[in-house]
Amino acid sequence: GAPAELARHVRRAAAIERQRERRAPHGPYTGLVAHPAALAALERRFGPDHRWSATQINDYTTCPYRFAAAHVLRLAPRGDTQEGLEQVGRGRLYHAILANAGERWVRLAAPFDAANAAPILAALDAAASEVLAAAPQRYGFEPGPFWAWEQAEIRAVLARAVRGWLREGAAGTGFRPAGVEVGFGMGRGLPPLRLATPAGVVHVIGRIDRVDQDEQGCLALIDYKSGSGPRPLADTLAGYDVQLTLYSLAAAGLAAPGQLVVQAAYLMIGSGRRSPPLTADELEQAVAALHERLAAAVAGSRAGVFPVQPSRECPPACAFATICRVQRGT
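Here the sequence shown stands for residues 1 to 330, where the numbers follow the numbering used here.
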């Protein structure tokens, strides 16, 4: 009857929990997929035709469970209902304005430095006017009562960031913007980046926010980040963050074959600072780490290996903390 069935379920659940708590190899209840049909589906989904992104590779490296939640189950946190600007997100508008400004800076054809601050900031202001005027219709939101104030704040944040980058010489000496939103494997334009792994050739896609060039034809790559905190170069060199490495390979191999990528860096919108750049001298080390991380992600995703096993301390912000046994302390 019902009591006996309930007792069986309780005993089974208790046995599963005991198995989880033991320091034993991972199994089907701790992140290893065992069902033949599920494994076959994973083989197809992450097979030779799958197009990998830096985010997917980074997520698997950070924690295979995080990768499974985001990219296998495609889970997303249910937030509060948002209206107006928060429905779109400020980061999206920051990037749209900087992309529009970048196109103007390319036409300006001047080095991105303090000597050209006036025309650079004027181009940014014009870009902000164009993007913000069309934002409600383009992104499908109804402006709230604070929309005028929010626009002014967005302008102020970006102007402060650009002034900081110019003051710091974040773009490097003599570099001028030469390309904006340079995509590879994104449907049009450049093909995906092809990388060899023990499991065969893997295709990687991405979009470089900005490509700068100096008089000698050397390239500097820029990726904008909405936050303020620095991105440690050590993470890039160890393969915990493969974005700059992938972009360097794509720029040199696809966007501008034969041209040297001398640096790739993050520009932080919140602080107006530049994170330590990945330079040509360090690229070999970063590429070796990238190949190691990519091989693990490809093999693990196809074999259904998704344990709750962070590669180091859990990141301070994780969308899946509320369903993670490590974060919940259980």
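Worth flagging that the hints you see were computed from the coordinates, not collected in a lab. Keep in mind it's a predicted model, so treat the numbers as computed, not measured. For each residue, glycine too, the CB sits at the ideal point set by N, CA and C. One thing to keep in mind: the hints can contain errors.
Simulated restraints on C-beta separations [to be verified]:
#1 Leu39 to Ala7: 27 to 35 Å
#2 Ala41 to Arg167: 29 to 37 Å
#3 Ala34 to Ala319: 39 to 47 Å
#4 Ala234 to Pro48: 28 to 36 Å
#5 Trp149 to Ala37: 30 to 38 Å
#6 Ala38 to Ala4: 39 to 47 Å
#7 Ala319 to Asp125: 32 to 40 Å
#8 Gly200 to Asp125: 25 to 33 Å
#9 Arg325 to Arg12: 41 to 49 Å
#10 Pro230 to Val10: 47 to 55 Å
#11 Val10 to Ala34: 36 to 44 Å
Here are the simulated lysine to any residue pairs, SDA-like style, with alpha carbons at most 20 Å apart [what the hints assert, rightly or not]:
#12 Lys225 to Gln309
#13 Lys225 to Arg188
#14 Lys225 to Glu168
#15 Lys225 to Gly258
#16 Lys225 to Asn58
#17 Lys225 to Leu237
#18 Lys225 to Ala115
#19 Lys225 to Arg167
#20 Lys225 to Glu215
#21 Lys225 to Gly179
#22 Lys225 to Gly91
#23 Lys225 to Ala303
#24 Lys225 to Ala296
#25 Lys225 to Gly169
#26 Lys225 to Arg155
#27 Lys225 to Ile205
#28 Lys225 to Arg207
#29 Lys225 to Ile323
#30 Lys225 to Gly47
#31 Lys225 to Glu284
#32 Lys225 to Gly89
#33 Lys225 to Ala156
#34 Lys225 to Glu86
#35 Lys225 to Asp214
#36 Lys225 to Ala317
#37 Lys225 to Arg273
#38 Lys225 to Ala109
#39 Lys225 to Arg107
#40 Lys225 to Thr55
How the hints compare with the structure:
1. Leu39 to Ala7: 27 to 35 Å: holds, 32 Å
2. Ala41 to Arg167: 29 to 37 Å: Violated, since Ala41 and Arg167 (Cβ atoms, about 52 Å apart) do not stay within the stated range.
3. Ala34 to Ala319: 39 to 47 Å: violated, 26 Å
4. Ala234 to Pro48: 28 to 36 Å: Holds, since Ala234 and Pro48 (Cβ atoms, about 32 Å apart) stay within the stated range.
5. Trp149 to Ala37: 30 to 38 Å: violated, 54 Å
6. Ala38 to Ala4: 39 to 47 Å: violated, 30 Å
7. Ala319 to Asp125: 32 to 40 Å: Holds - the Cβ-Cβ distance for Ala319 and Asp125, about 35 Å, lies within 32 to 40 Å.
8. Gly200 to Asp125: 25 to 33 Å: violated, 49 Å
9. Arg325 to Arg12: 41 to 49 Å: With Cβ atoms ~18 Å apart, the hint is violated.
10. Pro230 to Val10: 47 to 55 Å: For Pro230 and Val10 the Cβ distance comes to about 50 Å; the hint holds.
11. Val10 to Ala34: 36 to 44 Å: violated, 23 Å
12. Lys225 to Gln309: violated, 27 Å
13. Lys225 to Arg188: violated, 24 Å
14. Lys225 to Glu168: holds, 17 Å
15. Lys225 to Gly258: Given pair Lys225, Gly258 is violated - Cα atoms ~28 Å apart, limit 20 Å.
16. Lys225 to Asn58: Holds, at about 16 Å.
17. Lys225 to Leu237: Between Lys225 and Leu237 the Cα gap is close to 19 Å, so the pair holds against 20 Å.
18. Lys225 to Ala115: It is violated: about 24 Å lies between the C-alpha atoms, which goes past 20 Å.
19. Lys225 to Arg167: holds, 18 Å
20. Lys225 to Glu215: violated, 27 Å
21. Lys225 to Gly179: Holds: Lys225 and Gly179 sit about 18 Å apart, inside 20 Å.
22. Lys225 to Gly91: holds, 8 Å
23. Lys225 to Ala303: Cα-Cα ~33 Å, so violated.
24. Lys225 to Ala296: violated, 27 Å
25. Lys225 to Gly169: holds, 17 Å
26. Lys225 to Arg155: Distance of about 16 Å is within 20 Å: holds.
27. Lys225 to Ile205: Holds: Lys225 and Ile205 sit about 18 Å apart, inside 20 Å.
28. Lys225 to Arg207: Judged against 20 Å, a Cα distance of about 13 Å means the pair holds.
29. Lys225 to Ile323: At roughly 27 Å apart (the allowed maximum being 20 Å), Ile323 and Lys225 break the hint.
30. Lys225 to Gly47: Measuring from Cα to Cα gives roughly 31 Å; hence the hint is violated.
31. Lys225 to Glu284: Measuring from Cα to Cα gives roughly 24 Å; hence the hint is violated.
32. Lys225 to Gly89: It holds: about 13 Å lies between the C-alpha atoms, which stays within 20 Å.
33. Lys225 to Ala156: holds, 16 Å
34. Lys225 to Glu86: holds, 18 Å
35. Lys225 to Asp214: Violated. Lys225 to Asp214 sits at ~23 Å, over the 20 Å cutoff.
36. Lys225 to Ala317: Holds. Lys225 to Ala317 sits at ~15 Å (cutoff 20 Å).
37. Lys225 to Arg273: The hint holds at about 10 Å.
38. Lys225 to Ala109: Violated, at about 24 Å.
39. Lys225 to Arg107: violated, 24 Å
40. Lys225 to Thr55: holds, 14 Å
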